Amino acid sequence: MSEAAILPDVVSYSTALSACERKGEWTVALQLLAVMALVGVLPNVFSFSSAIGACARCFYWEQALALFGLLPSASVSPNLVTYSATIGACERVGLWALAVHLLSQAPSPDALIYDTVLSACDKGGQWEPTLWLLSEMPSSRILPQTMSYNVAIRACAKAGEWQKALQIFLEMPEGLADGFSFCAAIAACEGDGYWSFALELLARAPPNVFSYTAAISACGKGQQWQVALYLFHAMPAAGISPNLISFNAAISACEEGGNWGDALVLLSQSPGPDIITFNAAISACEKGGQWQLALLIFSDLRKVGLGGNLITKNALLSAFAKGEQWAATIGLLSDMAKHAATPDVISYNATIGACARAAQWHRALELLSEMPTAALAPDSFSFVAGLQACEECGCWTFALALLDVMSRADMANVFAYTAAIASCGVGRQWQLVFHLLSKMEDARTLPNTITFNAVLGACEGRPSLWPRALVLLGHGAAARLLPDVATYGSAVSTCSGRWEAAAKLHVEMPGIHVRPNVINFNALLKACERCAQWPVALRLLHDMPSAEVAPDRQSFNSAVSCSEQDAVISQVLLSQRAGLLKVPFKGALGSF
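Using the working numbering, the letters of the sequence shown correspond one by one to residues 457 to 1048.
Hints listed in this document are in silico derivations from the structure and should not be mistaken for laboratory results.
One or more hints might be untrue.
Quick list of in silico lysine-lysine cross-link-like pairs, PhoX-like style, CA-CA up to 25 Å [to be verified]:
no., residue 1, residue 2
1, Lys579, Lys614
2, Lys794, Lys759
3, Lys579, Lys620
Between beta-carbon pairs, the in silico distance windows are [as the list claims (entries may be wrong)]:
no., residue 1, residue 2, range
4, Ser825, Gly616, 33 to 41 Å
5, Ser790, Thr905, 35 to 43 Å
6, Leu526, Leu700, 40 to 48 Å
7, Asp756, Ala659, 35 to 43 Å
8, Lys960, Arg660, 58 to 66 Å
9, Arg1009, Gly728, 52 to 60 Å
10, Gly787, Glu584, 46 to 54 Å
11, Trp588, Gly717, 45 to 53 Å
12, Lys960, Gln725, 54 to 62 Å
13, Glu584, Ala659, 26 to 34 Å
14, Val760, Asp835, 28 to 36 Å
15, Ser790, Leu655, 43 to 51 Å
16, Gly745, Ala865, 31 to 39 Å
It should be emphasised that the depicted structure is a prediction, and the values quoted were computed from it without experimental measurement.
Where a beta carbon is used, it is the ideal one built from N, C-alpha and C, also for glycine.
Turn these sequences into a full structure, and let the hints guide you.
This is how it looks when you write it as structure tokens:
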């Protein structure tokens, strides 16, 4: 046989390239194409398709697209296999727009190529094109299959379009839905607390660890941690062993409800807990106000060789902040950068908030000013936390400066104005309080009940402002804001020189389902004391136990002060205050 007879031809090379595609040997495939050019063997459409497929298989999408671009110069017309391989390269890395464009050029696309483009859109985070493609398939005489629907459901669910995801699921032809379809639909129920429908789907789904885990997660996101735990504990009875993801979903459900006790039990039982497991348990302790336990879990996390990530540190910071451990939050914040967890805006916000609650306003404002240096832009939560720090100490000048910064950045909201108003109130700047309230109206920022409480609080101890206080209450009612005990407490205190007005406000409370507390009674007793209305004061003192409010020393002091002109009444009240007389005094029970 002559030497020329055994030289490989295009079929031989194409066969070798096909083997490279199956094995993912993309470099060998490119070398073979280069050899073909050297020996004068022209690659055909099968050669290029296999080489493109080899590159796509190994995520080398740039090389795949470059080969596709060489087809015109090689006088090779791409066929459906070529388009499929090139679209597959796009799908691997989520190049959805290019995949859709190539689909429009492909000759007679089939269901497989449509599914690949759908997957590219899913990986590219584009749910709208998946709906369009799904609707276009029948016009190309292609019926969407199970995979087509599943990818579209998943794309919508990932984008938070849970209604669209469930709509696709419900429109699936009978018999097409498989286990993955149900799991994807159940996972979509995490949106907007649609947990009850997740349970309906679970009852219809093939029982497996994935469907149960998705339902547990949906219940957790829907604030139904009890139902989530019920499902978790029901898994063994259904012949299903929970996996780590199931444990993580159950612990996360406990996190949503602040159920730290069950979260710790699940953590101790979980098989090989990972960083997600520990983070969820720490967050459960944080929401449950158990900062010591959160710190203990963090210590256990480090013992098993997990250093913790930014989510871990932020959860621990929040736990410290809720536990009023401001020094610990500052220590952890400064330590974070040393352990590959650079603080973010959430980290600073938690620390600033902790300092604010501890009246460490200097430190809170220092941290706020540090954020730009750390290449972090303070958000509205950062500024509001700083404003609340000013509120605690009545640093109204700083509060106004921060509010001005927020206003210029179009970030001022009701919480910012309320904190600034409260700060001015504590600083006894009542004129500024009403100015800020007016400014809120100009900025079209609607006040809430806490805002009105802050304004009324600023009026306390200033009898001349009682008409304004009553007007404010009227504005609150017109805005359909429900007053609370603090609202009435401040309003009554402002009316302390007008006992009739104060008494009228007090009588209104039960009618709007607001139960007066000892502070409300004492405010009215103080008004009676100032106006020497001892009969009314005695009636109030008598009524307190029936309102399930125990009089305190201040209650008796105001009543005694009212009754100083009557030695007998004063002596009885003093005996009651000292605990010598257990039966409430029943004299002077006139109505007011």
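Status of each hint after checking the structure:
1. Lys579 / Lys614: Roughly 10 Å separates the two Cα atoms, so the pair holds.
2. Lys794 / Lys759: Roughly 18 Å separates the two Cα atoms, so the pair holds.
3. Lys579 / Lys620: holds, 17 Å
4. Ser825 / Gly616: 33 to 41 Å: holds, 36 Å
5. Ser790 / Thr905: 35 to 43 Å: holds, 38 Å
6. Leu526 / Leu700: 40 to 48 Å: With a Cβ separation near 47 Å, Leu526 and Leu700 satisfy 40 to 48 Å, so the hint holds.
7. Asp756 / Ala659: 35 to 43 Å: holds, 37 Å
8. Lys960 / Arg660: 58 to 66 Å: Holds, since Lys960 and Arg660 (Cβ atoms, about 60 Å apart) stay within the stated range.
9. Arg1009 / Gly728: 52 to 60 Å: holds, 58 Å
10. Gly787 / Glu584: 46 to 54 Å: For Glu584 against Gly787, whose Cβ atoms are near 47 Å apart, the range 46 to 54 Å holds.
11. Trp588 / Gly717: 45 to 53 Å: Holds: the Cβ-Cβ distance is about 48 Å, inside 45 to 53 Å.
12. Lys960 / Gln725: 54 to 62 Å: holds, 60 Å
13. Glu584 / Ala659: 26 to 34 Å: holds, 31 Å
14. Val760 / Asp835: 28 to 36 Å: holds, 34 Å
15. Ser790 / Leu655: 43 to 51 Å: holds, 46 Å
16. Gly745 / Ala865: 31 to 39 Å: Given about 33 Å between the Cβ atoms, the range holds.
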